[in-house]
Amino acid sequence: MDIATIIGLVLGIGFTIWGIMSSGSLIDYYDFPSIVITLGGTVASVFISYSLSDIAKMGKVFQKTVLYKIDSANEIIADIINLANVARKEGLLSLEEYASKLDDEFLKKGIMLIVDGTDPELVRNILETELVFLEERHSQGQGILESMGSAAPAFGMLGTLIGLVNMLQKMDDPKAIGPNMSVALITTFYGSFLANVIFIPLALKLKLKSKSEVLIKELMIEGLLSIQAGENPRIIEEKLKTFIPPEMRTKVKNQGEKEVA
Amino acid sequence: MDIATIIGLVLGIGFTIWGIMSSGSLIDYYDFPSIVITLGGTVASVFISYSLSDIAKMGKVFQKTVLYKIDSANEIIADIINLANVARKEGLLSLEEYASKLDDEFLKKGIMLIVDGTDPELVRNILETELVFLEERHSQGQGILESMGSAAPAFGMLGTLIGLVNMLQKMDDPKAIGPNMSVALITTFYGSFLANVIFIPLALKLKLKSKSEVLIKELMIEGLLSIQAGENPRIIEEKLKTFIPPEMRTKVKNQGEKEVA
Amino acid sequence: MDIATIIGLVLGIGFTIWGIMSSGSLIDYYDFPSIVITLGGTVASVFISYSLSDIAKMGKVFQKTVLYKIDSANEIIADIINLANVARKEGLLSLEEYASKLDDEFLKKGIMLIVDGTDPELVRNILETELVFLEERHSQGQGILESMGSAAPAFGMLGTLIGLVNMLQKMDDPKAIGPNMSVALITTFYGSFLANVIFIPLALKLKLKSKSEVLIKELMIEGLLSIQAGENPRIIEEKLKTFIPPEMRTKVKNQGEKEVA
Amino acid sequence: MDIATIIGLVLGIGFTIWGIMSSGSLIDYYDFPSIVITLGGTVASVFISYSLSDIAKMGKVFQKTVLYKIDSANEIIADIINLANVARKEGLLSLEEYASKLDDEFLKKGIMLIVDGTDPELVRNILETELVFLEERHSQGQGILESMGSAAPAFGMLGTLIGLVNMLQKMDDPKAIGPNMSVALITTFYGSFLANVIFIPLALKLKLKSKSEVLIKELMIEGLLSIQAGENPRIIEEKLKTFIPPEMRTKVKNQGEKEVA
Amino acid sequence: MDIATIIGLVLGIGFTIWGIMSSGSLIDYYDFPSIVITLGGTVASVFISYSLSDIAKMGKVFQKTVLYKIDSANEIIADIINLANVARKEGLLSLEEYASKLDDEFLKKGIMLIVDGTDPELVRNILETELVFLEERHSQGQGILESMGSAAPAFGMLGTLIGLVNMLQKMDDPKAIGPNMSVALITTFYGSFLANVIFIPLALKLKLKSKSEVLIKELMIEGLLSIQAGENPRIIEEKLKTFIPPEMRTKVKNQGEKEVA
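Going line by line, the protein sequences match chains A, B, C, D and E. According to full-length UniProt numbering, the first sequence is numbered sequentially starting from 1. According to full-length UniProt numbering, the second sequence is numbered sequentially starting from 1. According to full-length UniProt numbering, the third sequence is numbered sequentially starting from 1. According to full-length UniProt numbering, the fourth sequence is numbered sequentially starting from 1. According to full-length UniProt numbering, the fifth sequence is numbered sequentially starting from 1.
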């Protein structure tokens, strides 16, 4: 996982706890029925909307996307230029051997399609469809987190309404109003905390990571088709370098040259 | 219906009831006029916006979409490859016989168009238009549920406003304020409960199921046109397999081979 | 008007009145200054945004769209197939006579363009531009209703703020606080009632009706161009039938055959 | 300015003042610090986001768009058909003389491009780019008004928070609570009034006017290109008439004939 | 930085402080735990969503975009026409020498591609991809500011909930309720202030500046391709001038003529 995400989660939870303790006691914030309504209700609403297999897949998508370290674009470009050189010197068929050493399944699949002599149009078609479904799966994981981010405050409010209705029904002891209302507000606190510290930022994280991964894969498709078309490795480099922000580009060149040489 | 949806509904309703009972009594939450304003108002707003036939259709759409078990993509691909083999060996006309054994009306219709020798462009056109209208009907059902999801809290608030205005008009007995306000809040509770436990998650369910069904139908169109074009069953399989996430793909192959063999 | 819209309006207003009367008296809900601020302010904001002619047109659009009974797609298809048969047997020029018997202005105009020997590209162009502007006018009517739907609660809140500020300025008599606050809340009630029972559902109604009307007109354009191209009536029927949901389609065939025969 | 806009502003402000006076006194609504926070803060937020030149331009855009009377489409069509007749009889070059009599800068520029013998593709290109930037400028003016419409309630709430915090810090005199809270609410009132009576409706006005102006300009482009292509004036009329709603079209014909004759 | 942004920030902060001091004392608004929860929580949520390198880049993007003075479009057009004249007289290769004198990296890169004899299609491709990634980086910076703009009020509310829950737990001393509630509201104040005075307007600033910069770059691409195509400098000027609002255009001509002459 990105170190920033861990730092952020620790800080977000830490600041909240410190804020609570600076003027109250943490123990007042534990209320089991409130947890059941807020967190349980949020989970229940996800179950209503998504199928069990989607929810199960969500774990994998989350793990793969948020925890997985994306290969730097520079390394991928160096790999592709390497392959382009090989293809030029030894022919497309020789790529098969090199493909087996690659880590990335997507790149490997693309190479195998080229080696099989698949029509370029079909190669693009197959790889792009694959990419579309990858995005689809990512956006579903993100959708689940976003659903939770909007369900949590809603169930928080539902819990507070229940607390208020119950409290208002029996206002015998005026002294109990304060603490009762305090408990009623705790579900709203839970809902707001879960949404703003956990679900909403993680949904955004997933979205951003997915975007980077898709970009890298688009770069791969572009590179693979250029290799198949037998384009000059220097032109391929020029084309693929536009995928990287200028300030990171000089590094590519050095590394590229080193590896290609 | 997906088991997850049932579990989710049971959990969502259960947690709410348990939350109520942990600090109050369920009976305080029954107030007939509140039900009339919240649920009745929500239904009334749907009647204003939609025609009777749309509302009637909604039931069917809901049943067909949420309750219906979508055929696994793997099975459909196996069926299509099967048909492609038949078409290759015995000609397109021989498909008529096989078509009658298919469960899926959409696939059957596509086969019949092919057997009738319809122009490929027209086949695509007819099937895609059909798909557009299918999506249309789904999205209308979803629209009704979403309307209800936003009308319910609005009528809940309207009910609470009525309760508050009535209560404030006659504040003779300070002891009655608590219970009166409690009743006023109950419509807000109803609106929030109906929206967040029922309407919003079911609207999302409908949307997700509709998406899966449309995807399966797109896969069928792709497959049908490939059959008509007389493409190689192996290439068809390659093309259609991109519609399925990689981790589910190996199964297709095995099953495909078995059935085709 | 659709019977459902009338039922919905009666129910929505009825449930609200019944809700009020079940715990209070309707007379407390009449407050002239509140009506002026909420309804007057809503109307004023529409006047600021729209020109007088737009507002005047809105009445017509509303009447035409919500009150007008859309011809069933089945009848239109039967008409078009009828015309296609005539055109095939007696030539395109003979359509002029039949066109005069048609109710629909749009269809009639299309026929006249065909009879005049207008270029097919231009026919499509003219009819589609007309359709774009029809949608435009519909969406403006809808825009006015949506503006009212968001202005009403805003002016309701403005009225409540005025009521609260005035009340807080002179809190001499604690007994008057309740009724004063009650009056202050009435504008919020008005705004919420107008938006949720009247403006928002009617805006949605207009949108849905507009969509149906546009669909019918698109079906007409498709049919007219097929007639001009001299396509086979059976193929035209096949093409146009995709515009209708499958469960309603068998009726078309019967009726179509009857009329064509 | 459209008379409707003036009526609307007078009504909106009038109803609010009357509402205030019906149960309180207008003088209680004047609070200088509240004006500074709400209006000043709104203006400050616009300064942060927009450059000085954008803000200055906004005045012009507003004046040109909201105050300017758009030529009726009928007159523009009559003008174009007139020009088409001239071009047919006396050649494209003779248009130069007629162009100088036109009021509209955009139409004049188009004619000059035609007279200069510019390539039709380039004429369309230049005129459409111009139109894109016109829309751009309009939408920026609209953007400023919309920013103000969302900033005003936010600064209103900020002011109320300040008022509440200050009030709660020194609750020595319970009698002062009412009036103090009343003052605190006044900024919320200001923010809501400015947004709902002024900024939001005027932003919408600007949007609608911009749309009409762009439509007229699109009609001009269509007409100019038809003139350049030497199309028949009757066909041009037919094409351009589709830009106007049917109920307004008969007038065009009469007027067109009169002017062309 | 635009002077307007500085003025706006000074005014926004100044008005708020003045508003506070007009009825209270600034010191009551300093509460360290509240700052930690609101600002700390906002920063934490950004860390969860974005990677460290994105956050670091954000500083640069912000600096480059908001602080950087965009070259006036007029100057760029004059430069391009100058280059077009040189290319016409002395050939495309001679541009290399002139390119080195240009300030703008993007324009320089385009010239070098032309001098290298790159295919026009590829030139457009490379420059447009570069532009897409520039927009991408800008929109990410904007995304961070927008996240902060929506996180700040959320953490403000979270802090207020904590304050309320703590306060309600121990309502022994009724005199302490006022000040305690006052402190609880301060986090809401912080969140609202940060969002409305700082984050939201700066996010909008970034968006608007980015749009201007992209427009200038699009103008450059158009100009560069026209130079490569050997178009007439007068036609190039005509084409590029459409990118500038008419009222600013006469200046271009004068300046253009002066420089070109």
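The set of hints was computed from the structure by calculation and includes no laboratory data. The model shown is predicted, which means the values in this text are computed figures rather than measured ones. Mixed in with the good hints there might be a few duds.
Each pair may be met inside one copy or between any two copies, as identical chains are not told apart.
[What the hints assert, rightly or not] List time: in silico DSSO-like cross-link candidates among lysine-lysine, alpha-carbon distance up to 30 Å:
no., residue 1, residue 2
1, 57, 170
2, 101, 57
3, 101, 170
4, 89, 60
5, 101, 239
6, 57, 239
7, 239, 60
8, 89, 175
9, 239, 109
10, 109, 170
11, 175, 211
12, 170, 89
13, 64, 170
14, 170, 211
15, 207, 170
16, 60, 109
17, 60, 108
18, 64, 89
19, 89, 57
20, 101, 64
21, 101, 89
22, 239, 170
23, 101, 175
24, 60, 175
Which numbered hints does this structure break? 1, 3, 4, 8, 10, 11, 12, 13, 14, 15, 18, 19, 22, 23, 24
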